[in-house]
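Each chain, letter by letter, is given below.
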Amino acid sequence: MYKRHISRQLAPYLDGLLEPRETQQVEVHLRSCEQCRAERDQIRLGMAMIEHLPQIEAPESIWSAIEAGLADGQSSRRPAIPWWRWALAAAAVMAIAGVAYWRLAIPARTRWEVVRIDGSPSVAAKPIRGAARIGAGDWIETDAISRATLKVGEIGSVEVGPNTRVRVVSERPGDHRLALAKGEIQAKISAPPKLFFVETASGTAVDLGCEYALNMDEDGSGLLKVTKGWVSFQWKGLESLVPAGASCRTHAQAGPGIPYFDDASDNLKEALDAFGFEKASTDALSVILHESRVGDTLTLWHLLSRVDLAERNRVFDRIAALTPLPAGVSREQVLKLDPQTLNRWKEELAWTW
Amino acid sequence: MFRPGLLICIPLALALGQAFTFTIGSPVASQDFQAKTAAFVFRTDGCADPAKPQIAGTAEGLVKGARQSVTLKVVASSKPGVYAVFQNWPAEGVWVVNLKGACGTANAGAIVPVGPKGFIRESSKFFARAATDAEINDSLKTLAQGGSK
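Protein sequence lines correspond, in order, to chains A and B. All residue numbers for the first sequence refer to my numbering, where the first residue is 1 and numbers rise by one. All residue numbers for the second sequence refer to my numbering, where the first residue is 1 and numbers rise by one.
If you are wondering where the hints come from, they were derived from the structure by calculation, not from laboratory data. This one's a predicted model, so the numbers in the text were calculated from it and none came from an experiment. Beta carbons are placed, not taken as given, at the ideal position from N, Cα and C, and that holds for glycine. Some hints here could point you the wrong way.
[As the list claims (entries may be wrong)] Straight-line C-alpha distance at most 30 Å; calculated DSS-like pairs for lysine-lysine: (1) K73(B) / K346(A); (2) K182(A) / K194(A); (3) K225(A) / K151(A); (4) K336(A) / K64(B); (5) K188(A) / K100(B); (6) K100(B) / K346(A); (7) K225(A) / K73(B); (8) K269(A) / K151(A); (9) K125(B) / K126(A); (10) K73(B) / K188(A); (11) K117(B) / K225(A); (12) K194(A) / K225(A); (13) K79(B) / K117(B); (14) K64(B) / K346(A); (15) K236(A) / K182(A); (16) K73(B) / K126(A); (17) K125(B) / K64(B); (18) K194(A) / K79(B).
[Unchecked claim] To give an idea of the chain A side of the interface with chain B (calculated C-beta under 8 Å), a few residues: (19) G174; (20) W230; (21) W351.
Working from the sequences, and respecting the hints, build out all of it.
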C-alpha cells in the first residue's frame, strides 16, 4: 500500500493505465485517504467536463475580419487595447493550454476490446467481423447464432452468448460495470472483490472473485450460476451470497431468491420455487428443512433472514441439528438477526459448503 | 523461546477437548479470492497459536500401477491458520493429498482424495498423527476402484 499521497498515480489510475497491482494499491490507499479521494473526484470531474466540451467551428466572417484587419493595420496606428481584453485573452490562452496539456499528457481512456467468436455480433449497432472497441454507453448485441468475448479491462473477460443485449455502463478501473438486458453472459474475473458488477432488472451481481454465468429474460427474471469463488447478488437491500457450485434465481419486482447448491435434491429445489420470493409457504419450508443436507445450510442460512420469527426458530433448529453450533453463535442472537452473529455462523458453515 | 502464553493456552485447549486437527473445505470457505482455483482449503483447529503450527504435505498418486509422490503446493491464505492446496500433480492416475501438522507436542494428519470433480470430503480421513503409508495406499486403492470408503 502507498504510504504517501498518490496525486501522481490518480490520472493514470482513472484512465486505466496502471498495472493491476498498482491499481489495487491505489484503491487500498483511497479507502483510507480522504485527501486523495477528494483529488480523485476533482480529476474525474475535470475529465468529464472536458469530454463534454462541444467542438465549435469558427465562422468564416471571423477569418475575413482578421485578414482585413491585418491588411489594414500594417501601416495604421493601432488603437489602445483595454487591459481587460488582455486579461481575457490571457485567461483563454491558459485554459486552452491546460486542455491541450491534459489531452497530451493523459492518453485517451482505454476502451475495452470485443472479439467476435461466432456469427455477427454488433457493437454500438455496427456489426463486427473481427474485433472492435467499446466504451461506456455502448451496447453489444448478438442474434441467435452470434457470440462474442468482451475483455474487461485488465481483470478478466466476459463471453456474450446468443440472443443477448449487454451494455457497458462504466469502464473505470475501480468500477467495471455492465448492464445485462437479456440473454446470457459468462464472466471470468481475476481481481480483488467488488471491482466487477453486472446490473440486471432484478439485481446486481457483485464479483467477489469468481467465475459465473448469468442468464436473464426480458421480463427481468433470471438465473445466476457460480462455478468459482463467490458472487453477491444484491437488490434493494436484499443480498444473496452465492458460492461456487450454487445457483440463485432472481425475479422481477422481488430480486434474488434463496441460493441452493446445484446437487441439492430436486424436492428441495422445487420447494424453493414454491417458497416464493416474498412470502413463506409453510409446506414448502417443511420440505426444505426435511430435504436439507449439511451442505444445504447455505440455503437454510439465507432463509433465516427471510422468514418470520416462528419459522426462523425451525430453520435455526435444523441448522443446529446438521452442524454443531460454533462458539460465539447463540439462538438468541440469531433470532434477532444480529449481523455479526449471522456472519460468524456463515463463515463457519462455509467450511461445509 | 519461552512463551508463557502457550503454557496457558495448550492446557486450556486440551481441557476444552479441542484436539489439534485439520478441517477441510471448498475454496470458498477461505473467503479469499486468491484461493478460488485451489483444489481445496484447510485450516488447523485446536492449536493455541493458529499461525504457528508446522504444516507439510505431499500429493500421493497411483499412475498406471506405479506409486508417485509430489511435494505439495500449500499457500497460506489471508486468514491465519487457513491454507490453500493448489493442484500441482498430474491429471493422470488417482491422487490423494497427505497432510501432516504439528502444534507443540500435538500432531495431526489427513488423507484427502482428489478426484476429477475436486476433493472428496466423504472419503477423507483424519488422524491425531501422521497417516501411515499403509493408510495412504489403502485410500489410493479405494479411489482407484471408484470407491468412496
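Checklist entry - Taking each numbered hint in turn, which are not upheld by the structure, reported in ascending numerical order? => result Result: hints 4, 5, 8, 9, 14, 16 and 19 break, sorted rising.
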